[in-house]
Amino acid sequence: MTQVPGPSSKRPADSQFVVRRVYVPKEQSLPRRWLSFMRANPLFTIGLILLTMFVGLAAIGPFFVGDPLRTNISEMFSPPSAEHWFGTDVYGRDIFARAVHAARLDLSIGLTIALVAMVIGSTIGVVSGYLGGWVDEIIMRLTDILLAFPGFVLALIIVAALDESLLNVVIAVAAAYVPYFIRLTRAQALVEREQEYADAAQLAGNSPIRIAFRHVMPNSLQPALVSATLVTGWAVLTVAGLAFLSVGIQPPQAEWGVMVGEGARDIITGEWWTSLFPGGMIVLAVMAFHFIGDDLTEARA
Amino acid sequence: MSLLRATGLNVEVTGSPYPILREVEFSVEPGEILALVGESGSGKTMAALAVMGLLPFGIDMTAGEVQLEGRNLARSDGTVERDASQISMIFQNPVGALNPTMRVGSQIARAIQFNQQIGRSTALQTAIEMIGHVGIPGPERVARSYPHQLSGGMCQRIMIALAISCRPRLLIADEPTTALDVTVQAQIFELIKALVEEIGCGVVFITHDLGAVAEMADRVTVMYGGQVMEELPVVELLNDPKHPYTRYLLESVIREVDHRIEDIGVDFALTGCRFGHRCLLAHDSCNEYPALEEISPGHRLSCFAEITEAP
Amino acid sequence: MTLLDIQDLHKTFGRGADAIPAVRGVDLQLERGETLGLVGESGCGKTTLGRILVGLNVPTSGRVLFDGQDVVGRLNESQYRARVQMVFQHPQASLNPRFRVASTLSEPAKLLAANSDSEKISEAIAETLRLVGLGQEYLTRKPGQLSGGQQQRVAIARALMSAPDLIVLDEPTSSLDQSIRSRIISLLKDIQETKAVAYLFISHDLSTVRKIAHRVAVMYLGRIVEVSETNELFDDPKHPYTKALLSAVPSLDSNDRSERIILRGETPSPTELPVGCSFQDRCDLVHDRCRTQRPELAEVGPSHQVECFATQ
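From first to last, the protein sequence lines are chains A, B and C.
Sequential numbering of the first sequence, starting at 1, is according to the working numbering.
Sequential numbering of the second sequence, starting at 1001, is according to the working numbering.
Sequential numbering of the third sequence, starting at 2001, is according to the working numbering.
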């Protein structure tokens, strides 16, 4: 042991103590880390792969496939072949082309709906949670009333009340999911408003409105952001479901639900490909959003 | 033979390159109270969990021996055999550590039945006796209560009753009074000391409060950053500790000596002494890991500097 | 003029059968530049009292005179808001996790200061940061990147930004490591010397309070049971509860093995208070009068008041 001279609180002036650190990462190449992540989270990985496929399809697919509206009666009801990957429908339209264009439509509508619902719902939820009192009571009872309807039915009612346009479909379905976001953000806002930083914000001179939007709201959005993926999936399903019933988006528009609606009756006569492919794409797309959203929700918890 | 001997404990987070506990060792004799002292992040709770075999998922003991009365509890797969009949533990948050859905009397009775072959009503009777034994008035009524109906101090007594109901050889108390008022703390201290006298068990008393150490402990192990800095009798701790960190701790608490040591966090990646990057006496030797060496009977030190002056 | 004069303050939460009286008639004074320690155990009402003083809770009755003006219900007005500030118990929770230090500190400056010249504000922020012992590099950090001690320094800086006359500190060092506590206490004392700000230092930790307070008030079940100059309280406590509280504090002096007073029982629930002195069931000096009448604060020495029949 070395002798250190001087009083206990002074380091010898000439000592140059250089702290040595050893960073020993158990070196794993990037691909190997990805592999272990994928093995640990199989569903999330599947969801991610599917989603990437769909996004790619929606983004660049329409440039490469044919016209979704071009009819060719001579080729009607051709089964899947090298020329028409998904076959053709009753009007001779290429189903693959239609499906790809539908991907772009459905995904962008779904995303838009989720974002609109999230923005509106979160704002109302934070205001309700932060203010409390009778404002909260009224908003909660209205939310309860809306939540009593299944989302699909609510959207159906609203579209039926308005006239049928793409914009109104977005409005209707978004409205069906707004209550969900209200609940989610209100719950978090209730927690956040009790935190000491909310009190401190009041002492710093913030008015209640400033506290609600500058302090409480940003910290209350986490659960909503995470749920946005799930809601996108549900939105796609709802829009497709409405279109299947010829509500909202109508034929000849290339949309998955429309295609399933048109193709459903063909099954009896043996033309299975007109409804299976678009239907399958709906299933895969919604599944993808679900797998991702579920894992994100669990990770957050 | 010591009641408990833990040596060479190394604990790591799975997949992480550096250990959160490094070469930790301590020992307890029967009837003795050993204080495990450290600030937050010192690893004192981790050390106790390692000894109990209660390390959480994702944290493993990669090396070390745990011996209870000479019998080795540590297994080759890095786990520790949990000897429920010999070692008991009480925790920091008394209300939270009890099962909220069971009456407290039943919880104690269950624990008794786990270790002895007796019937339910006998166990319940014994449980009621234990509750009275730890100084709770009206034990029959309290035995029928749920944890949330009792105060923090009472719940801690219940936990102690639970812990001693099997007459353990060793009691591990992890910050048992941190969440309690100081007057209640005094009551709990008296209780633990009385029980040690009566049962003759050893106690590992984990705390960050030097006052509690002065009250309760016979010997003290001081930890910082997952490393044992010093191990010494409590009288020597209060009068003349030899480790720079111990002295720093003592002087900050007793006097307002501002050593101008930065309050930065623990750096687990250091090769040498974990206090090195904050120590005012650090020099180049400190990049090597200082092993625990005995400098006087019952006093072990992990440090390359030698402090010659009294504080 | 006395900076703070609390008169017969009451605060009851809830109504009817579920009412919980947290503060039951408190009288207290605080002078400019003075530190008053407020000690007591959990449930005594000290935190509630502190919150009322900064306007986070409104009292049920009583007056709070700030420089002679009754400010009950008016603390959110701009003229008062700047003058009374608070430092909270959990530094991590009291800082908005998404705000950088610069934003946290600029808010009170922008919202409460008389002039909002952005250059002056930057200067004020820089100066306050220096005052609490943090370098300018901390301005861009978020709370998650700071240690507990550093977070609390930022919280103290924030409280200082509006140049307050009074800062209420609610257990400011209780969640910090022991070695950090003394540094924060020294810091607070230095600031008091520089800025002549008064502190109401709320704590259950008597040893910490002793280091910083000029006077100490002891609270039990919503009432002040003893108030005195610091050294006198610790050397010569008069109320039985104060004596027990002091004796319960573990002593680091290995030679100090004086008789410990262990209190019987536990603090009664505020909803089930007995008639007369609320300490009667735990007190060794209890006699008949204590069970029928409630004692009031009375002088037992120069600036030393006690609420107990045994001392009167």
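Think of the hints as simulated: they come from the structure by calculation, not from any bench.
In this text, all values refer to a predicted model and were calculated from it rather than measured experimentally.
The C-beta atom is built at its ideal place from N, Cα and C for all residues, glycine as well.
Please note that a few of the clues may not be correct.
Unchecked claim - From chain C, some residues computed to sit far from chain B (all C-beta separations above 10 angstroms):
1) 2001
2) 2019
3) 2034
4) 2183
5) 2250
6) 2267
7) 2298
8) 2303
Said to hold, decoys possible - Just the calculated beta-carbon pair ranges, DEER-fashion:
9) 2236(C) - 1057(B): 38 to 44 angstroms
10) 2002(C) - 1197(B): 52 to 58 angstroms
11) 1190(B) - 34(A): 41 to 47 angstroms
12) 2236(C) - 1197(B): 45 to 51 angstroms
13) 2275(C) - 1120(B): 52 to 58 angstroms
14) 2236(C) - 1040(B): 34 to 40 angstroms
15) 36(A) - 2135(C): 38 to 44 angstroms
16) 48(A) - 1120(B): 52 to 58 angstroms
17) 2002(C) - 1096(B): 42 to 48 angstroms
18) 1031(B) - 2236(C): 49 to 55 angstroms
19) 1076(B) - 298(A): 21 to 27 angstroms
20) 1289(B) - 2259(C): 55 to 61 angstroms
Claimed, not checked - So, partial list: chain B residues that the calculated Cβ filter (under 10 angstroms) puts toward chain C:
21) 1068
22) 1070
23) 1073
24) 1145
25) 1148
26) 1153
27) 1251
For which of the previously enumerated hints does the structure constitute a violation, in increasing order of number? 4, 5, 6, 9, 11, 12, 13, 18, 19, 20, 21, 22, 23, 24 and 25
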